[in-house]
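Residue numbers (my numbering), protein chains in the order written: chain E, 1 to 481; chain U, 1 to 481; chain D, 1 to 481; chain L, 1 to 481.
Hints are supplied without guarantee of correctness; some may be wrong.
Since the list gives no way to pick one copy over another, a pair counts as held whenever it fits inside one copy or between any two copies.
To be verified - Lysine to aspartate or glutamate pairs mimicking DMTMM-like chemistry, simulated, CA-CA at most 25 Å apart:
| hint | residue 1 | residue 2 |
| --- | --- | --- |
| 1 | 208 | 415 |
| 2 | 25 | 243 |
| 3 | 416 | 23 |
| 4 | 25 | 264 |
| 5 | 406 | 178 |
| 6 | 159 | 425 |
| 7 | 403 | 243 |
| 8 | 159 | 481 |
| 9 | 10 | 244 |
| 10 | 403 | 480 |
| 11 | 26 | 244 |
| 12 | 17 | 244 |
| 13 | 406 | 481 |
| 14 | 159 | 323 |
| 15 | 403 | 7 |
| 16 | 26 | 323 |
| 17 | 403 | 240 |
| 18 | 45 | 265 |
| 19 | 45 | 468 |
| 20 | 69 | 7 |
| 21 | 406 | 240 |
Derived from the structure by calculation, the hints contain no laboratory data.
4 protein chains.
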Amino acid sequence: MGLMSPEEYKMSIQRMKVNAYLDGKKIENLLENPVTQSVVEATAKLYALAADPQHEKVLTADSHLTGKKINRNLHVNRSPADLEARADMALLTSQTLGTCNYRCVGCDALNALASVTYEIDRVKGTEYHSRFHAFLGKIQAKDGALSGAVTDAKGNRGKGILEGDPDMYVHMAGRKTDGIIVRGAKLHQSGAFAAHETLVLPGGALRKGEEDYAVAFVVPNSARGITYILQYNPLSVEREQAEDIFHLGNPQFGQRETCLMVFDDVFIPYENVFLCGEAEFAGVLIQRFAKTHRMNCGGACKVGFADIIIGAAQLAAEYAGTEKAPHIREAITHMVRISEASHACAIAAAVKGKEEPLGSGVYMPDDLFGNVAKISTAHGFWQIMALAGDIAGGLVVTLPSFKELKNPATKSYVEKYLKAAVPAEKRMRITKVLQNWTAGLHGPGTWHGAGSTQAQMISLHRAANIEEKKRLAKRIAGIED
Amino acid sequence: MGLMSPEEYKMSIQRMKVNAYLDGKKIENLLENPVTQSVVEATAKLYALAADPQHEKVLTADSHLTGKKINRNLHVNRSPADLEARADMALLTSQTLGTCNYRCVGCDALNALASVTYEIDRVKGTEYHSRFHAFLGKIQAKDGALSGAVTDAKGNRGKGILEGDPDMYVHMAGRKTDGIIVRGAKLHQSGAFAAHETLVLPGGALRKGEEDYAVAFVVPNSARGITYILQYNPLSVEREQAEDIFHLGNPQFGQRETCLMVFDDVFIPYENVFLCGEAEFAGVLIQRFAKTHRMNCGGACKVGFADIIIGAAQLAAEYAGTEKAPHIREAITHMVRISEASHACAIAAAVKGKEEPLGSGVYMPDDLFGNVAKISTAHGFWQIMALAGDIAGGLVVTLPSFKELKNPATKSYVEKYLKAAVPAEKRMRITKVLQNWTAGLHGPGTWHGAGSTQAQMISLHRAANIEEKKRLAKRIAGIED
Amino acid sequence: MGLMSPEEYKMSIQRMKVNAYLDGKKIENLLENPVTQSVVEATAKLYALAADPQHEKVLTADSHLTGKKINRNLHVNRSPADLEARADMALLTSQTLGTCNYRCVGCDALNALASVTYEIDRVKGTEYHSRFHAFLGKIQAKDGALSGAVTDAKGNRGKGILEGDPDMYVHMAGRKTDGIIVRGAKLHQSGAFAAHETLVLPGGALRKGEEDYAVAFVVPNSARGITYILQYNPLSVEREQAEDIFHLGNPQFGQRETCLMVFDDVFIPYENVFLCGEAEFAGVLIQRFAKTHRMNCGGACKVGFADIIIGAAQLAAEYAGTEKAPHIREAITHMVRISEASHACAIAAAVKGKEEPLGSGVYMPDDLFGNVAKISTAHGFWQIMALAGDIAGGLVVTLPSFKELKNPATKSYVEKYLKAAVPAEKRMRITKVLQNWTAGLHGPGTWHGAGSTQAQMISLHRAANIEEKKRLAKRIAGIED
Amino acid sequence: MGLMSPEEYKMSIQRMKVNAYLDGKKIENLLENPVTQSVVEATAKLYALAADPQHEKVLTADSHLTGKKINRNLHVNRSPADLEARADMALLTSQTLGTCNYRCVGCDALNALASVTYEIDRVKGTEYHSRFHAFLGKIQAKDGALSGAVTDAKGNRGKGILEGDPDMYVHMAGRKTDGIIVRGAKLHQSGAFAAHETLVLPGGALRKGEEDYAVAFVVPNSARGITYILQYNPLSVEREQAEDIFHLGNPQFGQRETCLMVFDDVFIPYENVFLCGEAEFAGVLIQRFAKTHRMNCGGACKVGFADIIIGAAQLAAEYAGTEKAPHIREAITHMVRISEASHACAIAAAVKGKEEPLGSGVYMPDDLFGNVAKISTAHGFWQIMALAGDIAGGLVVTLPSFKELKNPATKSYVEKYLKAAVPAEKRMRITKVLQNWTAGLHGPGTWHGAGSTQAQMISLHRAANIEEKKRLAKRIAGIED
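The task is simple: from the sequences and hints, build the whole structure.
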């Protein structure tokens with residue numbers, strides 16, 4: 001076995017039977033349903049990029065277990081250079097797909113486990129790290145698409161974990177001799193149904209008494225007891241009904257497709273369990289996951305999206321003949337400024353990355369820059385959408401159907417009146433791309449990817465060395481305590 | 001005749017035959033097509049509000065022509081109090097409909113004509129003002145829904161009107177003894193197809209040589225030669241396919257529906273023509289239109305929308321149990337601050353309104369505050385959407401279909417895992433409302449309503465008395481010239 | 001007696017002996033010390049403006065006690081029109097002085113007392129309102145300059161009033177048969193030393209047990225036991241040392257001069273006491289004060305300053321020859337936009353003002369718009385300073401001394417190399433004005449005038465009708481409870 | 001010779017006679033005048049830091065000419081690691097001094113010349129590069145403090161170089177057999193008078209016909225014909241008059257001191273001339289200078305300042321007892337976020353640095369990230385000042401003199417009423433530090449350091465690969481040309 005080809009990936013998904021629902025109906029074939037097809041196509045493209053000599057350096061790595069070439073999405077970062085390549089992968093896949101690298105969360109979850117299982121074993125004398133390595137070796141060998149699941153359903157946030165319905169957080173509902181039974185649900189799972197396996201982490205720090213919730217494991221996505229309930233929004237309906245995907249805003253790869261992933265007493269054999277009751281390690285596990293994920297999500301993934309938006313806005317201006325107006329040039333430049341400031345944060349987070357814990361060989365990005373990347377992007381992406389929405393013009397809202405271009409009653413009108421510096425169809429197409437970005441689900445999505453901004457503000461406050469800054473100020477002020 | 005009832009309005013639309021297309025197909029019945037139905041329902045609601053004693057004061061006025069009670073959408077403002085009531089109407093209809101008052105542009109266009117026809121007649125000895133009054137009396141008497149059309153197709157903006165395709169701007173393609181022939185197209189027409197008549201103004205200032213483009217007129221919306229090509233976007237498809245409108249983000253009244261309105265050699269009798277070649281008045285006409293429209297669009301209409309968004313965000317927080325977190329309270333307060341600052345601009349624009357031109361009896365809002373209202377809102381509405389998108393949580397993006405609530409395979413999961421401080425369905429419903437606002441077409445729409453922000457910046461620079469400010473600075477500096 | 005003339009005011013201040021200190025030294029003569037002189041000059045100018053027929057309408061009013069013409073700074077607002085005139089006064093004095101109307105806080109304090117003494121009397125059967133009217137009649141008759149004092153020293157904010165040093169808040173340290181003894185200190189008192197009397201209010205809401213702190217009174221500024229310790233900063237030193245005040249950024253009227261005003265067991269006869277132990281009314285008193293003061297401070301006073309800044313920035317650009325650059329025009333327009341949005345809030349607050357409490361005849365501005373005015377300005381003024389600092393160029397920082405213009409060794413160099421579209425001296429002068437605004441104490445001052453922004457956010461949250469907004473959202477969502 | 005000690009530096013400045021003026025008077029002794037003393041002290045501290053083993057790695061480097069240890073301010077960057085160290089030096093000196101590293105501009109100017117002289121020689125066959133190396137070897141050997149001068153007086157910006165007074169830009173007023181005569185003036189020169197030599201570059205790109213302006217050279221700061229006219233502002237006066245420097249906002253090192261540096265027919269021997277008429281290279285020279293300088297100025301120097309401000313704001317909150325309020329924590333976190341985003345840009349600019357031109361061995365930072373660093377900081381520093389001004393409280397404006405602490409009449413009052421969680425003096429001291437930063441000249445200074453933001457927006461537009469972004473957008477849109 002080596003790297004999987006796009007075709008092999010599609011065949012494997014064809015064979016895998018998942019219990020998934022969209023708009024109240026069971027999905028019979030992931031490759032044929034127009035919505036799930038976009039996820040399969042995006043994931044297949046990831047396999048294609050890894051096989052493309054031009055992108056190989058970014059999309060593949062050498063396994064530290066075997067030395068063999070593996071997909072970077074299954075790689076444990078062993079150096080700052082690895083972290084840089086990890087961010088570069090996020091940038092490249094966003095630029096190429098205009099949607100999720102659906103293997104991204106799995107990759108960051110895997111790195112968190114590599115680091116924390118090492119630490120648990122040293123503190124508690126457990127054997128999670130070798131168990132994890134056994135799993136890692138297998139999935140690297142078969143080049144499996146690995147999804148990651150973090151966010152619990154949570155229910156009423158005003159209540160603690162132990163106060164409400166016990167199922168609001170994924171937990172062990174039973175322990176057996178050969179494995180555990182897990183129950184609960186994970187929200188906002190990007191594309192899990194079209195990956196082979198999912199790595200599940202606890203969604204937050206845990207306290208004494210919450211040991212049953214301290215559970216991390218990997219599970220095949222077709223496992224008995226797992227149900228996927230897919231998101232459904234205007235863009236889903238539009239795609240379902242489209243006669244020609246080129247009438248859509250991101251024709252091939254679609255919007256980010258997520259699901260509610262329900263675990264209804266799913267059995268997990270111990271060899272696939274990497275945390276099992278050690279509540280005191282849940283916090284550090286999610287924190288290490290967040291470190292890498294915030295760097296990638298804020299400082300690379302959304303930067304790739306911004307590149308598409310900036311390019312499309314510039315084209316829209318050129319197509320309308322307004323590209324030389326000073327305020328258009330300024331708007332474009334501000335979009336670059338905002339986006340590249342986040343990009344810089346990812347680069348800084350990577351190059352300042354450190355081995356954590358010492359001796360593990362696992363490298364984590366700098367937490368301060370990672371959090372700044374994500375917060376800057378959460379605010380900045382709205383500004384970029386706003387600027388693009390301004391440049392794009394009212395047509396982003398009022399665009400007629402592409403079918404009018406074939407309607408004898410309206411074709412000549414649309415061709416005539418939507419023509420500008422280029423023919424109407426070209427203008428409509430770039431406008432549709434911008435509609436997807438400025439009038440779609442990306443704004444709220446950017447707030448919530450990699451966790452809420454408020455969570456990052458708290459992390460940032462912790463990561464910032466405020467005491468050192470106080471020392472500098474006192475020295476300047478001549479204050480001695 | 002008196003005020004029309006909602007039922008009478010619907011019947012009249014039923015009778016009116018318009019040549020309209022949606023997604024490449026002709027619309028057979030405006031009341032039955034799910035998309036156009038939302039426009040009819042919104043407009044019918046406007047008639048209902050005028051008949052509602054609670055809102056009568058805002059929605060009706062006394063005609064200065066007849067003294068009879070008329071719908072305020074057909075009223076010419078005669079005082080600052082009228083201007084305040086005009087803005088109050090925009091606020092109320094937005095709060096109620098969550099979409100366009102489709103009679104709004106017509107109302108502001110009508111005020112611009114009342115002012116400018118008076119002025120042209122005084123300068124040129126024409127008789128447009130009485131002609132306009134004749135029309136006004138008739139439409140007030142029958143309480144017709146009047147749409148307004150301003151934005152031309154324009155084509156390549158790098159070229160002047162006379163340089164490219166002559167049809168890119170609506171113009172007189174011929175003059176006959178009893179009327180004129182008009183040709184061209186207006187973009188972004190909000191709901192014209194469900195109004196009775198449309199008032200058409202030139203889209204910008206004109207120069208000598210461009211006399212054929214200096215044309216303003218009213219036309220029945222079913223006139224021969226007019227074709228409506230409707231916008232078509234993900235929300236259109238979602239509405240078309242919805243089994244239950246309560247699965248939509250704005251169930252009854254929908255999103256703002258617009259169209260490309262094509263004039264293919266439409267005949268307009270002279271009695272309906274209010275500008276006919278006086279190129280030097282096109283600029284002032286559009287400027288007067290913009291004055292009132294920017295006040296309403298920026299300082300009242302979007303404020304009403306913001307009220308819905310703020311209420312929905314607060315509910316979403318309460319439903320999730322997060323409403324007491326300081327950052328949530330702060331976000332809500334900022335949303336209020338941003339929205340009410342724009343609201344204050346509309347109030348200031350109205351109370352500082354002046355008769356223009358003197359002797360006309362027509363009152364126009366203050367131009368400085370009107371422009372500030374619109375620019376503040378253009379930027380601020382994105383901030384409000386962003387804050388709402390933050391409060392709303394990831395569910396705004398990842399919400400599953402309402403049909404899952406009836407799907408035996410998923411119903412119990414969705415009910416269980418989306419429940420928080422309230423049952424799942426309630427939470428899903430308010431999330432859907434927020435999806436409509438934070439992940440829909442409102443952001444770009446807000447930039448472009450009432451013209452581009454750049455146009456308003458230019459108006460604002462002109463309206464600001466910079467010379468007086470220089471005088472103040474010189475006095476402080478002790479500079480004497 | 002009628003309105004005081006500027007000369008009479010100066011003579012009265014000459015006669016008044018206050019115990020004031022600057023830079024560790026006692027001030028012997030307020031009219032001769034360069035720092036306090038600027039306050040006297042600014043206040044004298046207020047008297048001059050009231051006597052100027054051009055400004056009379058704004059600066060004077062008819063007393064509701066006597067019907068006689070009085071200075072508006074001593075007027076109780078009796079209508080929305082009065083509130084508008086009050087804000088207009090703040091605008092005009094800021095435009096004229098470029099510093100504090102030092103009678104402003106006294107005016108707003110006086111309005112709060114007019115309203116609240118009426119209310120206390122009705123609830124408690126006291127006689128504060130008539131006592132207050134007696135005082136009001138006297139000070140109106142002599143046209144006294146009345147200062148207002150609100151902010152207590154407070155000390156450690158982590159502790160409650162009763163937990164720390166009892167003197168951290170002004171309070172009754174003793175009650176006698178004919179009056180009370182007050183002790184404590186008020187911070188940030190703008191120009192009290194150059195006014196005749198000061199109206200003192202409690203600095204915040206009070207609880208049961210804090211009755212001694214519930215004290216409001218008026219006191220002559222030369223009363224025994226009062227000490228003024230003046231602020232001292234780089235601009236103070238610059239003014240002290242200036243050979244020619246025209247080498248300063250605001251030559252005649254200076255920066256806002258404040259002081260720490262210490263009450264060291266000051267005796268106040270009962271006729272001058274307007275709150276004496278009614279702790280439950282302290283909160284409403286400060287809230288009513290804040291209502292008017294935030295409207296004026298945020299929506300008028302700083303708008304007048306902004307007018308000077310905008311004018312100076314425009315002149316700096318013209319003097320440097322850069323005024324036609326698009327980004328300069330845009331920056332100027334944004335400054336106008338920001339400033340006028342706050343201005344609109346003051347207008348809206350005034351016209352939406354209401355009698356409070358009903359029957360009192362006292363009008364208070366709308367609280368929502370007043371708070372929005374102040375918060376918008378607190379943020380916006382920094383943006384205006386920033387934009388002005390950008391337009392002004394590096395010279396704002398690197399400006400040499402005006403004395404170089406007379407130094408034979410450097411005169412020709414400065415004249416030559418600082419010349420641009422105008423001679424060097426003119427350019428230096430406008431640069432000095434901009435230095436005063438963009439590199440002085442105005443930024444922090446704007447945050448803290450009329451209380452902290454956080455206090456206003458809380459007021460705004462309370463003033464916003466969130467429940468009504470929730471109702472609107474539920475109606476749109478089709479949610480029924 | 002090796003590294004100079006702080007004492008040797010001071011003695012050398014004592015010996016150097018410069019023709020400098022402050023407030024219209026000649027400066028007799030740079031070490032004794034309180035204003036110039038602060039520059040000498042700051043520069044001496046730079047020498048001390050280089051000798052400090054803790055900071056040696058940052059402050060020194062190995063000369064590529066001799067392999068000997070030199071001060072990093074005289075080093076030519078030979079690798080991305082050098083660029084990182086260069087930025088680290090800017091960070092450290094700002095954190096330590098709270099004012100300029102007065103050798104900074106010289107260092108960046110020197111790097112620009114190293115790169116461009118190599119390029120000119122290859123294109124034109126000149127010998128500037130070896131001449132430059134000869135100079136570099138000498139100044140490295142004696143560890144001279146080298147200033148840099150870039151910004152010309154310019155005069156009326158509406159006119160071209162050749163249209164107005166020829167002296168508005170530094171130029172060759174004559175050429176002799178052994179050297180050239182230069183005339184003109186440089187504005188905004190940071191601390192030139194307390195450095196040993198100054199490297200002078202043209203201030204912008206030049207065209208054919210402007211050859212006389214294409215001149216770069218080094219000159220001893222005491223050269224005949226050079227006059228320094230120092231800036232003079234409120235902080236200068238405050239320092240001149242201070243009895244105790246610990247009553248100032250930055251006691252030891254002061255504010256950034258600049259001067260107008262006049263060249264009145266100064267003779268420069270050819271060995272010190274590194275550009276002499278090659279107008280086509282002026283643009284690239286200033287561009288290379290800007291590359292390094294924007295990275296340092298925006299992404300490191302101001303970050304060090306921000307560290308002091310954040311520390312001081314945190315202390316002010318702790319001293320007042322408000323540090324636990326959520327809005328204070330949030331404000332602190334935002335300050336960190338803003339500052340570190342700029343810091344990340346410097347790191348990214350350094351690690352993405354490249355040899356330029358190839359073969360020269362000289363490394364330049366990435367231009368895109370360098371410009372983003374500076375623009376982000378230009379906007380962000382105002383936000384940081386604003387947030388600090390909010391946290392600091394009104395005392396930043398209304399602080400009394402430190403002398404009141406020794407004034408028997410006021411001492412007890414000040415000690416009592418300004419005490420909070422710490423004694424009054426400590427609180428006053430940190431407030432004074434914050435006054436220096438939030439109410440001083442830093443805001444405008446930040447706009448203009450390293451050139452105007454508009455210049456950086458233009459550079460950024462050029463540095464951004466917009467064509468590549470268009471390609472990405474077209475691919476997503478399915479547009480083929």
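Which of the listed hints are not met by the structure?
The structure conflicts with hints 1, 5, 12, 15, 16, 18, although it agrees with all the remaining ones.
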